[in-house]
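Participant: These protein sequences, in sequence, are chains A and B.
Sequence positions in the first sequence follow the working numbering and run 1 to 434.
Sequence positions in the second sequence follow the working numbering and run 1 to 254.
For the record, the hints were derived by calculation from the structure and aren't laboratory data.
Cβ coordinates follow ideal geometry from the N, Cα and C atoms, glycine included.
Hints are all accurate, no fakes.
To spell it out: a stretch of chain B is covered by chain A in this simulated footprint if at least three of its residues, at any positions, have a beta carbon under 8 Å from a beta carbon of chain A; those stretches are:
no. : region
1   : 42-52
2   : 68-75
3   : 106-119
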Amino acid sequence: MSSAVLTYEARYEDVYRHAQSLAAGGPDWLRSLRSAALAQHQTLGIPTPKNEEWKYTPLRTVAEMDVRPAEPGSALFDVTLPSWSGSKSRIVLVNGRFDRNLSEVPAVPGLQVSSIVNALIESDGLLTLHLGKIASTEDHTFAALNTALFEDGVVVHLSKGAEVPEVLEIVHVTEGDAMIVAPRVLIVAEENSRVQIVETYVTNGNATSVTIPVTEVVVHPYANVEHVRVQDEAVTNHHIALWQVHQHRDSEYRSYNVAFGASLGRTDQNIYLDGEHIVTRLDGVVVANGDQLLDNHTKLDHAKPNCNSFEIYKQIVDDRATVVFNGKIFVHQDAQKTDAKQTNQALLLSPTATIDSKPQLEIFADDVKCTHGATVGQLEELPLFYMKQRGVPHEQAQAILVYAFAAEVLELISNDEVKHNLEARLFTKLGIED
Amino acid sequence: MLEIRNLHAQVAEAGKEILRGIDLTVNPGEVHAIMGPNGSGKSTLANIIAGRDVYEVTDGSITLNGEDLLEMEPEDRAHKGVFMAFQYPVEIPGVSNTYFLRAAVNAKRKANGQDEIPTQEFMKFIRSKIELLHLPQDLLTRSVNEGFSGGEKKRNEIFQMAVLEPVLGVLDETDSGLDIDALKTVAEGVNALRSPERSFVVVTHYQRLLNYIVPDFVHILKDGKIVRSGGKELALELEEKGYGWLEENLAGAK
Ligand SMILES: Nc1ncnc2c1ncn2[C@@H]1O[C@H](COP(=O)(O)OP(=O)(O)OP(=O)(O)O)[C@@H](O)[C@H]1O
Ligand SMILES: [Mg+2]
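Whole structure, please, built from the sequences with the hints as guidance.
Facilitator: Put into structure tokens, the structure is as follows:
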């Protein structure tokens with residue numbers, strides 16, 4: 001075990017001291033949650049590639065940083081905060097803290113948005129009910145560290161039957177160097193509510209910190225949630241996230257994991273289907289170039305019968321970058337008539353780019369339909385030649401084809417503005433003008 | 001305009017010689033038809049003019065208005081006015097016809113030192129051209145060639161040619177698989193572009209097309225060589241007598 005963790009404790013001393021002081025404050029439930037999480041984190045340590053779950057994600061640079069707890073960010077920004085939907089209202093967190101000045105919460109009946117600090121002051125029952133209960137920290141060392149460290153965060157609550165007409169945007173900004181930034185989000189969609197959320201992670205300039213977000217989502221019966229997550233941090237920053245979703249019967253949750261940023265970016269998305277007649281989408285668009293390493297792990301637990309899940313991952317790797325995909329689907333014994341479909345496709349644009357993909361289906365029920373397919377390819381010669389013959393320069397032709405490859409997933413996003421702005425961002429990420 | 005001298009070419013990977021010494025001169029305003037049996041090298045010739053790099057030129061030269069085409073990338077040739085209508089137009093899922101064409105038009109304008117075409121103007125321009133080819137307007141928003149019928153694909157090639165206004169159009173079996181009305185439409189599309197400055201090389205198996213696009217010269221390609229050249233009557237003769245006649249004729253000539 002000891003050989004499977006890196007030595008880093010001395011460099012994390014300040015962070016742990018801070019975690020201990022946090023664990024000494026707040027309500028009882030939170031204190032015990034935090035102490036337990038800190039202990040879990042310290043037991044798990046920072047894993048080496050010998051740990052199967054972190055095999056392709058070298059954490060050495062993260063372990064070798066002299067880190068300190070996240071300080072409040074400055075109020076002045078030289079970044080234009082993204083607004084994918086063009087809507088004025090948006091929730092902004094800077095270094096994990098709800099920023100009142102930068103935020104504008106949409107006024108919609110049945111929608112409550114609160115900072116975690118405020119929710120604690122008001123002893124919001126939602127927190128005790130769900131915070132730290134959805135995300136399991138036992139096997140995710142950074143989620144455990146987040147639980148020990150979050151200073152604030154945001155709670156989004158949709159009451160029964162509430163419908164949010166505009167896209168709800170949550171923007172997380174990481175600012176500064178050598179900090180452990182722990183953004184925390186709890187989203188609870190009560191019965192029959194409906195919302196589209198775009199959660200974005202950016203940095204102010206070239207931050208060189210470690211962002212370790214935890215987002216917990218609860219989707220109650222008949223609720224319908226679309227959740228786009230955009231990780232667009234500077235390629236100097238590190239990003240290691242846990243995104244955990246709990247779905248109840250007859251709910252629909254469609255998620256799109258868009259990963260463009262960070263030098264090392266790792267997201268674990270786990271969805272637990274805890275009821276019948278659930279519909280789940282978990283799609284991804286990943287673009288890595290330069291020396292980026294982007295690793296996405298997804299885990300679907302089909303726990304009950306008659307549920308459908310669809311997963312399409314589109315991954316584009318250029319230069320010396322590496323992309324990792326690990327897609328687990330567990331079909332529990334009870335989960336008859338499960339229909340699960342997983343596809344992951346990678347496009348390698350350079351001979352020095354790397355892709356590791358591992359579908360992992362474990363099926364314990366006998367009457368199910370589960371399929372998975374993985375392809376790794378390069379751009380085809382003939383379409384490229386066709387475009388060039390018409391005068392489109394090589395680079396642009398290549399980018400257009402790559403774009404078309406990724407757009408198949410972005411097309412599925414229901415809000416047109418969000419879709420188009422993400423497509424435009426994809427263009428700039430690929431280094432071409434629209 | 002187009003000068004091909006002693007062109008020898010092979011498939012870059014396989015190393016099998018396909019073109020074995022082609023000479024062809026196309027002057028401004030001329031239409032040259034190229035006929036010949038399956039596998040004789042017609043598409044290879046067309047692709048080499050357009051710059052497809054799966055073919056390797058081992059000897060000879062191709063120039064366009066005195067400039068060495070073989071030195072240029074396919075896109076640069078396109079900017080100089082080379083257009084090839086593909087025998088098998090390529091499907092590009094996820095890229096709309098309009099988007100693609102605008103990228104092509106603007107790239108060409110940029111290469112020639114012009115500003116991008118304003119969107120409104122462009123849309124008006126392509127709508128007029130699509131009417132000329134009797135194509136449904138919705139082909140503009142659909143992905144390039146994806147799910148197009150065989151005939152629509154061929155007409156789409158000519159539509160693109162009409163939009164790009166090349167100086168040299170190389171049409172590789174654009175008539176194959178067209179019904180008689182579509183054939184007329186395609187021919188009208190080509191004829192509308194004919195001018196004293198613009199030339200065409202038309203690859204076909206059927207003399208039928210040449211009733212509509214009347215060629216100045218007809219060449220017969222066989223085993224990678226032009227074995228016979230003549231006027232438009234040559235196509236008629238060939239249609240009547242078949243390639244067998246050509247065999248005998250060649251044998252007799254030797
Ligand atoms: N990319 C390639 N790889 C291998 N062989 C090729 C390739 N392209 C052409 N050839 C071969 O070269 C020869 C000429 O092919 P080409 O397509 O030029 O013929 P064509 O005259 O256009 O025939 P058709 O009338 O059937 O269209 C054929 O034997 C063909 O198999
Ligand atoms: Mg051919």
